[in-house]
Amino acid sequence: MSELTVQHDAHTHDLEAISRMSENYKFAMWLFIASETIIFSVFIAAYAVFRFQNKEIVHAVHEALGFGGTLIVTFNTFLLLTSSWAMVMGLRSIQLDNVKGGIRWLSLTALLGVIFVILQYYEYTQLAAKSITLGFETDAYEGFGMHFYAPTAFHGFHVIVGVLWCLDVIRRARKGQYSKDNVIGVEVFGLYWHFVDVVWILLFTLIYLV
Amino acid sequence: MSEETMPVEHTEQSHKHHAHAETLAPTTTIMGITLPMPLYTTVFMILGILTVTEVLLAELIEGDIKIPLLLGIAVAKGALVVMFYMHLKTDSRAFALAFLVPLGLAILCTLFLIAVPSTGGYFGA
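Here the protein sequences line up with chains A and B, keeping their order. Take 0 as the starting number for the first sequence in numbering that gives the first Met the number 0 and just add one per residue. Take 0 as the starting number for the second sequence in numbering that gives the first Met the number 0 and just add one per residue.
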């Protein structure tokens with residue numbers, strides 16, 4: 000057997016090992032996402048029950064916020080959708096052997112995540128000014144505050160974790176840990192980030208539009 | 000590895016390669032029409048259009064009739080992200096099973112909570 004054949008076999012063996020490892024990491028991430036699905040479902044179920052029992056209160060909140068309020072949240076939704084797109088484009092760039100391009104896309108992902116959190120904080124200050132609070136007795140809308148802040152703040156926490164994770168992925172990419180044959184770190188982070196996006200898609204519709 | 004399993008693995012391998020090529024290609028073909036943008040960008044455009052549609056429907060339609068419409072659009076958007084961005088359309092079915100079984104149970108529990116009189120009673124109202 001020639002030296003070239005041995006090297007080729009070793010390379011193939013490495014790729015197979017990376018592929019196997021990738022599948023295991025992804026499966027672990029999907030199991031984590033499954034557990035997160037249950038947690039978010041509890042928040043969503045609690046809000047849905049509140050919404051159907053207190054139509055007038057939710058309607059009054061929507062009236063108080065006006066179209067301006069919807070516009071800010073719609074813009075925020077676009078930020079998160081764009082960040083998801085930037086995420087997959089970053090993965091695609093690295094798969095096309097363009098790591099620098101991938102880093103640029105991932106940086107955009109992190110930046111959009113940060114802007115999302117800042118705008119959500121701004122929205123919270125606006126809601127607090129309209130007496131939508133966590134406490135049942137201080138809340139002007141009889142418990143809407145708790146049902147609203149719990150799922151959206153928990154989601155916001157996930158965005159903050161996602162931004163920190165994204166920065167770590169960028170750091171690793173800069174150190175040359177990813178290549179077109181090894182993108183698992185980026186892919187697993189992507190699964191998390193897209194899940195956070197999917198949760199927002201549902202929260203946006205259920206809380207702000209329905 | 001037995002000879003019987005080899006063709007199956009080859010099929011899965013070629014399926015994965017095909018999926019990989021689909022996401023890396025600079026164009027997207029939908030129903031015979033080729034768009035000059037990658038698959039990921041096409042999905043992003045569709046998500047954007049659906050979001051604008053949702054907001055317009057919410058503003059224009061009054062009453063409970065908009066609820067199934069808006070929830071339907073939200074589910075479609077979520078499905079697009081899960082299938083194409085999270086690659087569930089082309090990845091192992093074990094991943095889909097790990098995600099869809101708890102999701103199905105969660106949806107059933109939520110519907111139950113909304114339906115029963117002591118917590119929601121919506122469907123009976």
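Each hint should be verified, as a subset may be incorrect.
Away from chain B, derived, C-beta distances all over 12 Å, residues of chain A [to be verified]:
1) Phe-26
2) Thr-36
3) Ala-45
4) Ala-59
5) Val-98
6) Glu-122
7) Lys-129
8) Arg-171
9) Asn-181
Here are a few chain B residues that face chain A, going by a calculated C-beta distance under 10 Å [stated by the list, open to error]:
10) Thr-26
11) Thr-27
12) Ile-29
13) Met-30
14) Gly-31
15) Ile-32
16) Leu-34
17) Tyr-39
18) Phe-43
19) Glu-53
20) Glu-58
21) Leu-87
22) Leu-102
23) Thr-109
24) Phe-111
Derived by calculation from the structure, the hints in this document are not laboratory data. Cβ coordinates follow ideal geometry from the N, Cα and C atoms, glycine included.
* Checking the smallest CB distance to chain B, is Glu-122/A really beyond 12 Å? -> With a cut-off of 12 Å, Glu-122/A remains clear of chain B, as the shortest Cβ separation is near 16 Å.
* **Outside-interface status for Thr-36/A - nearest CB in chain B farther than 12 Å** => violated (5 Å)
* Close enough to count: is the Cβ of Leu-87/B nearer than 10 Å to one in chain A? -> holds (9 Å)
* Asked: Is the nearest CB of chain B more than 12 Å from the CB of Val-98/A?
  -> Val-98/A clear of chain B: closest Cβ-Cβ about 15 Å, beyond 12 Å.
* Holds or violated: Phe-111/B as interface residue toward chain A, Cβ cutoff 10 Å? -> Since chain A brings a Cβ to about 9 Å from Phe-111/B, closer than 10 Å, the hint holds.
* Asked: Taking the closest pair, is the beta carbon of Arg-171/A still more than 12 Å from chain B?
  -> holds (21 Å)
* Lys-129/A clear of chain B by more than 12 Å, beta carbon to beta carbon? -> Nearest chain B Cβ is 20 Å from Lys-129/A, so the label holds.
* Asked: Given Tyr-39/B was flagged as interface, is its beta-carbon under 10 Å from a beta-carbon of chain A?
  -> Status holds, d = 4 Å.
* Asked: Would the least Cβ to Cβ distance between Ala-59/A and chain B come out above 12 Å?
  -> holds (15 Å)
* Asked: Going by Cβ atoms only, is Gly-31/B closer than 10 Å to chain A?
  -> Cβ of Gly-31/B sits 24 Å from chain A, so the hint is violated.
* Asked: Close enough to count: is the Cβ of Thr-27/B nearer than 10 Å to one in chain A?
  -> violated (13 Å)
* Just double-check Asn-181/A for me: nearest Cβ-Cβ distance to chain B has to come out over 12 Å. => Check passes; 14 Å lies beyond 12 Å.
In terms of the numbered hints stated before, the structure departs from hints 1, 2, 3, 10, 11, 12, 13, 14, 15, 16, listed from lowest to highest.
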